[in-house]
Structure formats: C-alpha cells, structure tokens
Amino acid sequence: MKQFSMNCYDSSSEVHPFVEEFQALMAYRGLVVQFVARAIKTRYKRSILGVVWTMLNPLLTMIVLTVVFSQLFRIQIENFPVYVLSGQLVWTFFSTTTSSAMGEMIWSGELIKRIYVPKSVFAVAAIGTGLINFLFSLLPLLIIALVLGVSISPAMFTWLLTIPLLSIFSLGLGLLLSTATVYFADMQPVYNVLLTIWLYLTPVIYPIEIVPQQWHWLFRINPVYYFVEAFREPLLNGKVPGWEIWLPATGFALAIFLIGGLVFTARSSEYAYRI
Amino acid sequence: MAQKEPDLYIDEEDFVIHVEGVSVQYRIPREQLSGIKEYAIRWLQRRLQYRNFWALNDVSIEVQKGEFFGIVGRNGAGKSTLLKVMARVVRPTLGRVVMLGRTAPLLELGAGFHPELTGRENIFLNGALLGLSRKEVVERFDEIIAFSEIDEFIDAPLRTYSTGMVARLGFSVATSVRPDIMLVDEVLSVGDSQFQEKCLARMSAFQEQGTTIVLVTHSMDRVEAFCERAIWLDGGKIAVQGEASAVVSQYLQALKKTKA
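So the protein lines, in turn, are chains A and B. Under the working numbering, the residues of the first sequence are numbered 9 to 283, in order. Under the working numbering, the residues of the second sequence are numbered 259 to 518, in order.
Among these hints, one or two may not hold up.
In silico DSSO-like cross-links for lysine-lysine, where the CA-CA straight-line distance does not exceed 27 Å [unchecked claim]:
(1) B:Lys495 / A:Lys121
(2) B:Lys393 / A:Lys53
(3) B:Lys393 / B:Lys456
(4) B:Lys393 / A:Lys49
(5) B:Lys517 / B:Lys495
Derived contacts from chain B toward chain A, CB cut-off under 10 Å, selection only [said to hold, decoys possible]:
(6) Arg285
(7) Met357
(8) Leu358
(9) Thr361
(10) Glu366
Derived by calculation from the structure, the hints in this document are not laboratory data. In this text, a Cβ means the ideal position worked out from N, Cα and C, and glycines have one as well.
Let the hints inform the model, and build the full structure from the sequences given.
As structure tokens, then:
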C-alpha cells in the first residue's frame with residue numbers, strides 16, 4: 009500500500025479546505041519566512057534610516073498631536089504622548105497589515121496563475137512583517153513611557169496579550185479583503201476610504217473624553233477600540249483591563265479570524281483564474 | 259487514526275497520475291465589471307450574467323511510474339489547463355485528480371522570480387515556492403548555479419538577466435531535487451539548443467531513476483523521440499490516445515486536412 013504523504017495530492021480529498029489550507033501553510037512555512045524577510049529587506053535596504061524612520065514616524069506624529077491637543081484644545085491628559093503613541097502603534101499595525109495582505113494578493117496574481125502555493129501565505133506574511141515593524145516601533149514607546157514616569161508594575165505587561173489577538177483579527181480581516189479584491193478591482197481604494205473613517209471612529213489620536221457620552225456606543229461596536237484599550241490601559245495606567253474589554257476583544261478576534269479563514273478557503277480554488 | 263485511503267492506492271500501485279473524468283469549468287462574468295459599485299448595481303438589477311466555459315471536458319488519463327507522457331493539440335485545446343489541474347493550480351470542477359509523489363511544475367520557468375532580488379536570493383525564494391526546504395536548497399546551491407551557467411551574474415538583480423538566463427535558472431532550481439513527477443509545458447522552447455539538450459538529458463536521467471514526466475509541446479519530433487504514450491486534446495476533449503507515434507501521425511494528418 010502506498011503511504012499518503014504531504015507530497016501527494018488528491019483533488020477530491022475529504023479534508024475541509026480550511027484544515028487543508030492550514031496543513032499546506034505549515035508545509036510552506038519556509039516561504040512565509042522568505043516573504044517576510046524580503047519585505048523587511050526591501051524596506052530597510054540601503055538605509056540605516058529605514059529602521060530609524062519606523063521609530064521616528066510615530067514619534068513625530070505623537071509630538072504634533074500632543075501639541076495640538078494640549079495647546080489648541082486645552083485638554084489635559086496625563087501622559088498624553090504615551091496615550092497617542094500606544095494607540096497609534098495598534099492602529100498602524102492593524103491598518104498596514106490588512107491593506108498589505110490585500111495588496112500582496114493582487115501583486116501575486118501572476119504567481120497564483122502559474123504555480124500552486126497555499127494562497128494564505130501572502131496574508132500570513134503581511135502579518136509577520138507587521139509584527140516585526142511593530143517590535144521596532146515598540147522600543148521608542150517603552151522609552152517614552154519610562155521617561156515620562158509611567159509607573160512600572162507587573163500588570164503593565166498584560167498588553168503583550170493583545171498582540172496575538174490583534175494578529176488573528178487582522179489576519180481574518182486581511183483574508184476577507186483578499187477574497188474581495190479577487191472579484192472587485194476597486195477594493196483597495198474603497199478600503200482606504202473606509203480606513204480613514206474607521207480611524208476617526210477609534211479613540212487613537214483624540215482623547216475619549218472629548219466625545220459626548222451619547223456617542224460612546226460607536227466605540228463599543230468597533231473591534232479595534234477594544235484592542236487599543238487593552239494595549240493602552242496597562243501601559244498608561246498600569247491597570248489590567250477588565251472583562252468588558254478582554255471578552256469583546258477575544259470574541260471579535262476569533263469570530264473575524266474564523267469568518268475570514270472560512271470564506272477565503274471556500275473560494276481559494278477560483279483565484280487562479282479570477283484574479 | 260489512519261487517513262482514509264481510496265481503493266485505487268491499493269489496486270494500481272504503479273500508476274502515479276490518475277486523472278478521472280476531469281472537467282474544468284471557468285465561470286467568468288459576461289462583461290468585465292470594474293468594481294464593487296458596478297457589481298452591486300448589476301446585482302440589484304439581476305443583470306449579473308456569467309459565461310460558463312468548459313476548458314476540459316471529461317478527460318481521463320492514467321500515467322505509470324517512470325513513463326514519459328506527451329500531450330499534443332492546438333492552442334486553446336486545454337493542454338495547459340490539464341497541466342494546471344495536475345499541478346494543483348486549478349481545481350477540477352468535476353472528476354478527480356490524484357498525484358502520487360512530489361510534483362515539480364515547469365509550467366513557466368521563473369514564474370516565482372522577483373526582478374529586484376539577486377539570482378542568489380531568487381534561488382532560495384523559488385526553492386521555497388516549489389516547496390523545497392532551505393536545507394535542501396543550501397545543499398544543492400553550487401550545483402544549481404553550475405547547471406544554470408549563471409556563474410558571475412549570480413549576485414546581480416534578476417531584472418538584468420536575459421530571458422534565456424531566467425529560464426536556465428528556473429529549470430535548474432526546479433530540477434535540483436529529483437521530483438517524482440515533472441510537468442513540462444513548452445519550457446524547452448526558450449534557451450539555446452545546447453541548453454535544451456542539457457535539460458532533456460537531465461529529464462531522461464531522472465526518468466531512468468523513476469521520475470514520471472508529462473510533456474506538453476508543439477514539437478512532434480520531441481513527442482516521437484521521448485514519449486511512449488500520448489494524447490491529442492481537441493476542444494477540451496481527448497481526441498485520440500495511445501502510442502505516441504500513432505497519436506502524432508493522426509494529429510498531423512488532421513492538421514493537414516484543416517489546412518487543405
């Protein structure tokens with residue numbers, strides 16, 4: 009009897025496409041590493057400033073926003089720079105990984121038409137690249153938090169938990185967007201507009217206090233709000249967020265990951281001739 | 259718990275490629291819709307129409323281990339689609355494909371190359387795209403370069419390579435580890451004749467060691483010289499199948515008739 013190894017292929021295999029995709033992704037993990045390495049390399053190639061820019065960019069925005077809100081609007085928030093910077097890191101991770109997951113899918117169209125690869129490698133690589141950039145920009149945030157005298161406590165490190173949650177949420181949404189972009193050529197510009205609106209609906213750059221109470225329900229239906237809060241609260245106030253934050257954060261992350269994964273894999277056999 | 263094994267794994271151990279009643283339907287919107295807005299309008303008006311196009315129609319072939327199998331036919335007959343179905347790029351709409359062994363697709367050489375990366379970096383990228391481990395690529399790295407005859411250009415970006423160089427590197431990477439099954443689509447038409455000979459020699463050597471090769475080509479000489487069996491695809495269906503020389507002569511006769 010022939011053994012059925014990973015090398016064999018049966019188009020009528022009874023394995024669910026979601027599981028099949030996961031297995032294939034494991035077999036092609038070397039490819040994910042290559043894609044991430046390529047993205048990082050091309051970003052930082054020929055410039056030491058590349059790394060510096062990753063750190064400097066959020067810092068500069070932070071300075072501008074701090075000046076705007078403290079001088080113009082006369083709003084006093086303790087450690088506002090940390091507030092802005094931490095929110096921004098979460099937002100940047102979320103927005104860049106989801107849109108680059110979609111972008112990679114388009115750019116790889118020629119590849120998908122020619123050879124078999126698990127189609128989710130592009131989205132997974134986008135998340136991986138985002139994580140590395142995230143780590144780079146974490147450094148200035150921690151330094152600023154220390155300089156401004158944010159109290160250090162073990163509770164402070166619960167923000168680490170938001171990283172896996174945010175990652176699978178972004179992966180799920182990235183897969184949904186990748187599916188959509190195969191069928192709709194204008195998905196990218198549409199999503200960019202949505203992102204701009206979404207940013208203003210999330211308390212990233214403005215203090216939550218300036219929003220009247222009657223509009224706070226908008227935050228509660230916004231998944232990114234929970235990730236921002238869960239990341240920011242421990243860093244800013246040394247407090248562990250309660251279940252009212254963790255529960256929706258986990259729920260949204262798992263739900264979007266499952267929906268994205270199932271929709272993407274259900275359609276993935278069409279991509280080769282539709283993209 | 260053992261994986262559910264289809265019966266054919268037991269009965270016909272020597273067949274490594276099973277294509278059973280495979281049909282491929284491409285479902286394409288009748289008009290190219292530019293985006294989500296237009297799509298939504300059409301959907302509301304119930305005016306979304308699809309064109310169903312059968313690229314392959316009930317095709318069945320069985321290829322034995324170590325066989326050199328040819329596919330001939332005119333452009334648009336479904337040859338490339340059949341290879342893509344075997345390469346797992348396109349999933350059959352109906353029917354079943356089973357490939358027993360590691361399959362190396364040589365559909366378009368250099369498909370996974372990145373123009374801005376160097377030849378060296380592309381070897382690793384392409385190896386990973388073909389499912390080779392980094393270790394496997396490292397072990398064969400020198401041999402890959404030697405076979406491709408790229409030598410001193412290996413650290414230059416790929417966009418500076420000629421088409422022939424890209425094809426050579428592509429073939430070299432794809433065949434660096436002997437695959438169980440090779441799917442070859444017209445790739446030998448690029449590159450000079452000397453390199454073509456080298457590729458054919460390597461393919462023959464692999465075949466002797468048990469590799470199964472499926473070749474799509476317009477060169478009837480090559481089919482007659484290398485293949486034992488062949489099929490002639492016409493309009494997505496198998497017109498004739500059998501001994502390579504017989505298939506070729508029937509195909510050539512039919513071509514003559516249409517020309518006359």
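Each hint, compared with the structure:
{"no.": "1", "hint": "B:Lys495 / A:Lys121", "result": "22 Å, holds"}
{"no.": "2", "hint": "B:Lys393 / A:Lys53", "result": "25 Å, holds"}
{"no.": "3", "hint": "B:Lys393 / B:Lys456", "result": "26 Å, holds"}
{"no.": "4", "hint": "B:Lys393 / A:Lys49", "result": "21 Å, holds"}
{"no.": "5", "hint": "B:Lys517 / B:Lys495", "result": "21 Å, holds"}
{"no.": "6", "hint": "Arg285", "result": "8 Å, holds"}
{"no.": "7", "hint": "Met357", "result": "4 Å, holds"}
{"no.": "8", "hint": "Leu358", "result": "5 Å, holds"}
{"no.": "9", "hint": "Thr361", "result": "7 Å, holds"}
{"no.": "10", "hint": "Glu366", "result": "5 Å, holds"}
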